[in-house]
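> Whole structure, please, built from the sequences with the hints as guidance.
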Amino acid sequence: MARLSIFPLAGAILFPGMPLPLHIFEPRYRALVSDAMARDRRIGMVQPSGEGDTPSLYQMGCVGRIAEVEAMEDGRYNLVLEGVSLFRIVRELEVTTPFRQVEAELLPVIDEDLLSLGRRASLEQESKRFADLQGYAVDWDAVGRLDDESLVNGIAQIAPFDVAAKQALLEAPDLEQRAELIIQLMQFFGRHDGEDRVTLQ
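With the first letter of the sequence shown counted as 1, position 86 gets the number 85 in numbering that gives the first Met the number 0; the numbers rise by one all the way through.
All clues stand as given, with none of them false.
Pair ranges (Cβ atoms, derived):
#1 Leu92 - Leu116: 43 to 51 Å
#2 Ser115 - Ser33: 42 to 50 Å
#3 Arg90 - Gln124: 39 to 47 Å
#4 Gly153 - Leu92: 30 to 38 Å
#5 Pro54 - Val89: 17 to 25 Å
#6 Glu50 - Leu92: 20 to 28 Å
#7 Ala141 - Arg2: 32 to 40 Å
#8 Gln124 - Thr95: 46 to 54 Å
#9 Met0 - Gly74: 28 to 36 Å
By construction, these hints were calculated from the structure, which means they are not laboratory data.
For glycine and all other residues, C-beta sits at the position ideal for the given N, C-alpha and C.
And the structure:
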């Protein structure tokens, strides 16, 4: 169990071992970063599942450690979080801080999580098709050199899917099933165009 200060941000997910750049400007989250820097540099990234100033939250998120930070003169921060471990919220805590805090169960990181050769090939093929449809410029040689985990989690983290799809990717039980879900989502969203085309979160 761990006590985590959380940053609810729709459309932003973080995976263990992956970086996530953030620009922090709201006063409550500037306070969160200041507090994290004074303690253990950890922030819990989680998506809201509702609307409003204090929205309900999805139960699963990812702990990020502040790996890089730039404090600006006006109090804003540019930082890079590095994913540490997934967590599941047990309960939200009553606190006096301007940012929310939860008690959470930290989930074990799966070692040696690999894709089958067929799944890897399908993922790369569908990614190329999807990138072409969206007009993205991609260095496919560099993509081909990524290990399975970096490839799958990198796509899941930056792909322009909606909040519910992003959360489903985060909650996938293993890399193989996450890759299969990415393929399905790219096939679904790739069918849309014009006003229906999904936009970057």
